[in-house]
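S.K.: The residues making up each chain are set out below.
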Amino acid sequence: MKLIVKFNLVFLLIFIIGLAIAAYISRDLLQRNARDEVLQNARIMMESALATRTYTSNQVRPLLETQMKYEFRPQSVPAFAATEQFNDLRKKFSDYTYKEATLNPTNPRDRTSDWETEIVNQLRQTPDLAEIIGERETLTGRALYMARPIQIKNAACLTCHSTVEAAPKTMIELYGPANGFGWKLNEVVGAQIVSVPMAVPVKRSDDTFKVFMISLTAVFAFIFIALNLMLHYIVIWPVTRLSQIADQVSLGKLDAPEFTSKGKDEISILAGSFTRMRTSLTQAMKMLGE
Amino acid sequence: MFLHRQRSVQTRLWVTAFLICASPLSFGQTVGTLTLTEGRIALIRGATAYTAIQGVRLQGGDILAVDPKGQAQVEFQDGAILNLAQGSRAMLLGGARGEEEIALQSGWAKFTQKKSGKGRPYRYQMPLARLSAGEATGVLHPGGDFNEIFLESGVGRFVELAKGGEPAGGRDVKGGEFIARRSGQPATVAPRPSSEFIKTMPGHFRDDLPVLIGRFKTRKAEPKREHEVSYAEVETWLKASPSIRRNFTDRFQGRVKDAGFRNKLIENMQEHPEWDRVLFPEKYEPKDLNQQ
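For the protein sequence lines, the chains are A and B, in the order given.
To convert, note that position 95 of the first sequence is 128 in the numbering used here; the numbers rise steadily by one, no gaps.
To convert, note that position 29 of the second sequence is 502 in the numbering used here; the numbers rise steadily by one, no gaps.
There's no promise every hint is true.
Beta-carbon label-pair distances, calculated as ranges [stated by the list, open to error]:
| no. | chain 1 | residue 1 | chain 2 | residue 2 | range |
| --- | --- | --- | --- | --- | --- |
| 1 | A | Gln155 | B | Glu511 | 51 to 61 Å |
| 2 | A | Gly209 | B | Ala635 | 38 to 48 Å |
| 3 | B | Ala635 | A | Leu83 | 56 to 66 Å |
| 4 | A | Ala199 | B | Gly676 | 45 to 55 Å |
| 5 | B | Arg644 | A | Pro210 | 43 to 53 Å |
| 6 | B | Ser668 | A | Pro210 | 51 to 61 Å |
| 7 | B | Ser668 | A | Ala199 | 16 to 26 Å |
| 8 | A | Pro210 | B | Glu695 | 55 to 65 Å |
| 9 | A | Thr150 | B | Gly676 | 39 to 49 Å |
| 10 | A | Glu80 | B | Gly687 | 51 to 61 Å |
| 11 | A | Gly209 | B | Ala520 | 56 to 66 Å |
| 12 | B | Gly687 | A | Leu83 | 30 to 40 Å |
| 13 | B | Arg655 | A | Pro210 | 26 to 36 Å |
| 14 | A | Ile77 | B | Glu695 | 44 to 54 Å |
When the alpha-carbon atoms are kept at most 25 Å apart in a straight line, the in silico DMTMM-like pairs for lysine to aspartate or glutamate are as follows [to be verified]:
| no. | chain 1 | residue 1 | chain 2 | residue 2 |
| --- | --- | --- | --- | --- |
| 15 | A | Lys319 | A | Asp280 |
| 16 | B | Lys737 | B | Glu695 |
| 17 | A | Lys39 | A | Glu299 |
| 18 | B | Lys587 | A | Glu98 |
| 19 | A | Lys202 | B | Glu755 |
| 20 | B | Lys672 | A | Glu98 |
Derived by calculation from the structure, the hints in this document are not laboratory data.
Backbone N, C-alpha and C define an ideal beta-carbon position, used for all residues, glycine too.
The shape of chain A in the complex, shown without the other chains:
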């Protein structure tokens, strides 16, 4: 088997192993980065919702207290404000969702669905659990969700959610007396759930992976060609030429052309040694002839 074939076989083997390792590591890294990016988006959405709740509670609600004596203003409710703000966002980013999923809500739109009920119950059973992160399939693809408990820590919340008698009459007029009552202090009544689509970051991760692998393969190919050329011109051709001259000298053609090689590398040393050997052989043959 020719040297260059052996060399190429070894090179290809090393290339394949290297590519496989690179693919495994980079794919894992890119997928983790994609998930982290999605998670970061979800955290930002969640914090934005919390900020809206706080702003509503601290700044908007006090301004609407007098109005509430005449007509209930849902804009004064932190949960309503956060949900409405997010619904506006959804007009441009329809795959993102935010919901204050509640087991027994005042506003029916906040009632938990099946999978949300499971999450809320899990949070109720594990009081120390700060958040739940998971993935689920949706109609538009895979989505990552983040859920945090809605726990009644402020007794002021019970003004509207303890008994019908204690609640503002304007609120009863709007929502009726059947829903959203019986809450207790420190009870987990629901969960804030942010759902963020994974499709875009995952697609970006896959695209980046493909580009990376194609680039790596292209680099390997370039190295392969370059090495082959180098091997051919630096090693194989000089050795082949030396071999041809040696064959001629061995057949008695002492006037075969000399092989010259510039430089001080191993081929040049070999060429120098061959030339000296050839000169010695020629002199020896002359001496024998005489």
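Given chain A, put chain B in place with the hints provided.
M.R.: Only chain B this time, still in chain A's reference frame:
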């Protein structure tokens, strides 16, 4: 006998004059400031009609009339606020009877008196009812043949008024209650204002009344004099209950010289019979006993 009666009348006149002057908020004394106006605000002071603007100091006895789409806010010296809107007509009667008294004839009014006001209770008198309240906030709607009151917060005393302005029963009112009184019917109390009340109420009554008096501490405006009042401009007041129009014979006596005013007084004499003595004093002169 004649001299005895003369001295008796003189004594009563002196006592009345003394009581009027002794009242802490007698006519002519500043009771508040007009801090917000929208639309034209008509002011009747004495027997003269003015146009009032923001910064005008109001006196006891002043009568205000607001455009159907306008509003006027009065901030009293004790911190109480009264906002008049949608054709409201109000008269600042003063505080001769231990309460600051304000008469309302039409339109809408919202009042608020905070704890820090340290003022006396206010009495809001409408044709069919009156409300006395201290630290409280409420909305009043004196309609043509109905009066409505919604007490947003605080407590008050509600009194039904019969024709002629005589009290005809009363009850305490607490924050959140809505009282409606229709002419000829007893008052009804509800735990919430009616939807019609809320729908027709001026929108800005749904919010707290702003405190604007700080802008007028050093800024004062004078009302623009228009003309001497006509009968039409004070007709509803002349025909109001006796407790409201108690000083009117003195106040508008100068207008009797105007033929139009005089004729209208005569035409509507049954609504305000006290003017008969002013227009026809000869009917009330004591007869000479010697001639009898």
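S.K.: Hint by hint, note whether the structure agrees.
M.R.: Hint check:
{"no.": "1", "hint": "A:Gln155 - B:Glu511: 51 to 61 Å", "in the structure": "holds (57 Å)"}
{"no.": "2", "hint": "A:Gly209 - B:Ala635: 38 to 48 Å", "in the structure": "holds (41 Å)"}
{"no.": "3", "hint": "B:Ala635 - A:Leu83: 56 to 66 Å", "in the structure": "holds (59 Å)"}
{"no.": "4", "hint": "A:Ala199 - B:Gly676: 45 to 55 Å", "in the structure": "violated (29 Å)"}
{"no.": "5", "hint": "B:Arg644 - A:Pro210: 43 to 53 Å", "in the structure": "violated (28 Å)"}
{"no.": "6", "hint": "B:Ser668 - A:Pro210: 51 to 61 Å", "in the structure": "violated (18 Å)"}
{"no.": "7", "hint": "B:Ser668 - A:Ala199: 16 to 26 Å", "in the structure": "holds (23 Å)"}
{"no.": "8", "hint": "A:Pro210 - B:Glu695: 55 to 65 Å", "in the structure": "holds (56 Å)"}
{"no.": "9", "hint": "A:Thr150 - B:Gly676: 39 to 49 Å", "in the structure": "holds (42 Å)"}
{"no.": "10", "hint": "A:Glu80 - B:Gly687: 51 to 61 Å", "in the structure": "violated (39 Å)"}
{"no.": "11", "hint": "A:Gly209 - B:Ala520: 56 to 66 Å", "in the structure": "holds (57 Å)"}
{"no.": "12", "hint": "B:Gly687 - A:Leu83: 30 to 40 Å", "in the structure": "holds (37 Å)"}
{"no.": "13", "hint": "B:Arg655 - A:Pro210: 26 to 36 Å", "in the structure": "holds (30 Å)"}
{"no.": "14", "hint": "A:Ile77 - B:Glu695: 44 to 54 Å", "in the structure": "violated (59 Å)"}
{"no.": "15", "hint": "A:Lys319 - A:Asp280", "in the structure": "holds (19 Å)"}
{"no.": "16", "hint": "B:Lys737 - B:Glu695", "in the structure": "violated (31 Å)"}
{"no.": "17", "hint": "A:Lys39 - A:Glu299", "in the structure": "holds (20 Å)"}
{"no.": "18", "hint": "B:Lys587 - A:Glu98", "in the structure": "holds (16 Å)"}
{"no.": "19", "hint": "A:Lys202 - B:Glu755", "in the structure": "violated (63 Å)"}
{"no.": "20", "hint": "B:Lys672 - A:Glu98", "in the structure": "holds (18 Å)"}
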